[in-house]
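Engineer: Here are the chains, one letter per residue:
There are 2 protein chains.
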Amino acid sequence: MISLHEVSGGVCAPKGFKAGGIHCGIRKNKEKKDFALIVSEVPCAAAGVFTQNLVKGAPVVVTKRNISDGVAQAVICNSGNANTCNRDGEEVALKMCSLVTDVCGIKPSDVIVASTGVIGVPLDIAPMAQNIGRLYDSLGDDSDGAAEAIMTTDTVPKSVAVEFLAGGAVCRVGAIAKGVGMICPNMATTLIFITTDVGISHEMLQRALSEDVKSSFNMVSIDGDQSTNDTCCILANGLAGNEKIVSSGADFAAFRAALRHCTVKLSKMIARDGEGATKLIECNVRGAKSVKMARNVARSVIKSSLVKAAMFGSDANWGRVLCAIGYSGEAVDAQKIAVEFRSVKGRLPVCRDGSGLEFDEAFAKEVLSQGEVEINVDLGLGGCRASAWGCDLTYDYVKINGDYRT
Amino acid sequence: MISLHEVSGGVCAPKGFKAGGIHCGIRKNKEKKDFALIVSEVPCAAAGVFTQNLVKGAPVVVTKRNISDGVAQAVICNSGNANTCNRDGEEVALKMCSLVTDVCGIKPSDVIVASTGVIGVPLDIAPMAQNIGRLYDSLGDDSDGAAEAIMTTDTVPKSVAVEFLAGGAVCRVGAIAKGVGMICPNMATTLIFITTDVGISHEMLQRALSEDVKSSFNMVSIDGDQSTNDTCCILANGLAGNEKIVSSGADFAAFRAALRHCTVKLSKMIARDGEGATKLIECNVRGAKSVKMARNVARSVIKSSLVKAAMFGSDANWGRVLCAIGYSGEAVDAQKIAVEFRSVKGRLPVCRDGSGLEFDEAFAKEVLSQGEVEINVDLGLGGCRASAWGCDLTYDYVKINGDYRT
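Going down the list, the protein sequences come from chains A and B.
Its first residue numbered 1192, the first sequence is counted upward by one per residue in this note's numbering.
Its first residue numbered 1192, the second sequence is counted upward by one per residue in this note's numbering.
Treat the hints as calculated values from the structure; they're not laboratory data.
Any given hint might turn out to be false.
No copy labels: a pair is met if it fits in one copy or bridges any two.
[Unchecked claim] Okay, derived cross-link-like pairs now, DSBU-like style, lysine-lysine, Cα gap no bigger than 35 Å in a straight line:
#	residue 1	residue 2
1	Lys1221	Lys1536
2	Lys1556	Lys1480
3	Lys1221	Lys1556
4	Lys1255	Lys1483
5	Lys1483	Lys1405
6	Lys1556	Lys1223
7	Lys1556	Lys1219
8	Lys1527	Lys1298
9	Lys1405	Lys1527
10	Lys1219	Lys1483
11	Lys1405	Lys1480
Every value quoted in this text rests on a predicted model; they were computed, and no experiment measured them.
Build out the structure end to end from the sequences listed, making use of the hints.
Structural biologist: Shown next, in the form of structure tokens:
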């Protein structure tokens, strides 16, 4: 039996994790935290998924190496500078790991390091070196502080935690995330740090995470850009006391369900907080011949600038949805496609068998003017389905990105 | 010897072509022409390239069928309604062809038909049937009238014509185009009608056109969306009197150069008139291992919403350029990439060997504030190159597309 419910505490909800975040001086605005630390009492099984961009941030290179043995114990992260496309990038990322060693003895190679912010500007280690002691002293149940310190143009910190049963023990998964622009399939400029006290082998942990992101973070798109620094890491310290998960079965299923609850919730939070967004758009595709087809169609719709702009204007321009389905690269049959828009105000069927249905424009405006809008597509070809999340395209997106560096 | 220079007259510059455009009532605004006709005195060799979108407009289906025998003699086109995703779409497209027969006897199957505008709203044949006589009577040297009548959100009509020598005869190519949104590789919502008086077999005409669009219209991107109705057709009536081109050689090369002059010029005009655009962005990629690599990298940069927004803000955020190169799908080596911005104000090298170069921010603003900006990328891997054209992402793009239908 799987029992699953949300709890407070973010990454500090699972046993044995402490977190904190401070302003150390990388960002000019002193009100904005820019330096985060998460530490486990004991070494953890570790797993990660990373950007597929061939231009990779130095922290990504170092973190991949550090978790290649399946073990890690801490996460250090700064915002305000991505430490990417700099000649000394790897050196600086390694120094960040060593700062953790300096304050608590955890080996540099057991540290997950991440950076987010502007690309191509050297990252000065000095503000972090000068403030690592203060950051370490601040550690506690401060998941919110860490969540704030990893934000860039995010407007709200993003955090979730759940409790569930596995192997007779009460277990927890907690997570924080940042990312609102350059969000796209393949984890673009998303940083996600997940903690759990479940006992699990690092092989099963990696398997769970790799499978999960395919239907969670990789189904989020804000603007189609893919970042150089995307990192999603999970640490499992085993302090819940469950029988260690080393293969599939009920316990693994319970853990995967808990993980999925957290990742889908964060995916929606990321999409809803998309740069300049006024609404969360969820595209649900069913009737596909394969999951791959369903996913590609859902992402194609969510990524369309014209669909996104229509959603901003609460314009039931379903032709743009059909158009985006048509260029998804999947062998759809236009004559079989049905589309409806849906929100708390009700359902608005707009297309059946590839042709338009009559609808009331006033009701359409009402349905589409809500903060969460679904675009539901039935391809009429099979039994597979998928969901993707995104947001509308607004004046503020352009404003935020028109002059990001200054 | 190839002699090539621009002339006036658009699609009416080549011998034996007449054109015109009127308002017939499909568009509500009576100031806006919405009905165009181009007619050749004699039957022409015909060729075309069309949208790759699996959701295809009815006119595309009919036109592909009509030119499958390599012959056509007229183009009929309306704006204000795409005649796409309608149950009676094909029937209406066929009726449009028959209207041409009614006024001048050209067989319906020798007519190229095109529609552009909103998707999913039935297209009423009545305003066209009532006004086809008036449109036919208006035919003359009115390439501009036709160019206006095919516009949707275009702000300027797009037209070009050149004169050149082939087979001892003076020949001409003329063209009109529309398209400012939903522009993307694979010909998205672009309508392009090209006329020429050169004598050429329809096989060689198709070969020239198919090759040409790969490095012209398919390298234009406004917003990454691909339309259901893209059509690029060419009619060659042979009235120039040159020895008919039936194989490669000097005459074919001369014709291809003339065609390319027209298509590249129209590509830039389309990009510059991108919805809401304030500037034309040209991305020139060199040092690629293959032309395919160069093209994919150039398109990836031109399509990046973040690069486009940075260009709007005249922000030399070259990290976004590297990021877009990194997710192009091509096996680039980040450590070998060089990037410079360039405009009439000068060159601004910003990245070498994948790392940033120091530059003066005031000079950067000056370079990037111009109406035409180049992003020049050297991949450092080989000898192939390509160019792509796009525009900046602005508040007005969002405004135009936030409520297109109303």
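Engineer: Would you mind marking each hint as holding or not holding in the structure?
Structural biologist: Quick rundown of the hints versus the structure:
{"no.": "1", "hint": "Lys1221 - Lys1536", "result": "neither (42 Å within a copy, 37 Å between copies)"}
{"no.": "2", "hint": "Lys1556 - Lys1480", "result": "within (32 Å within a copy, 50 Å between copies)"}
{"no.": "3", "hint": "Lys1221 - Lys1556", "result": "between (42 Å within a copy, 27 Å between copies)"}
{"no.": "4", "hint": "Lys1255 - Lys1483", "result": "both (27 Å within a copy, 31 Å between copies)"}
{"no.": "5", "hint": "Lys1483 - Lys1405", "result": "both (10 Å within a copy, 29 Å between copies)"}
{"no.": "6", "hint": "Lys1556 - Lys1223", "result": "between (38 Å within a copy, 27 Å between copies)"}
{"no.": "7", "hint": "Lys1556 - Lys1219", "result": "between (42 Å within a copy, 22 Å between copies)"}
{"no.": "8", "hint": "Lys1527 - Lys1298", "result": "between (58 Å within a copy, 33 Å between copies)"}
{"no.": "9", "hint": "Lys1405 - Lys1527", "result": "both (27 Å within a copy, 32 Å between copies)"}
{"no.": "10", "hint": "Lys1219 - Lys1483", "result": "neither (44 Å within a copy, 43 Å between copies)"}
{"no.": "11", "hint": "Lys1405 - Lys1480", "result": "both (17 Å within a copy, 32 Å between copies)"}
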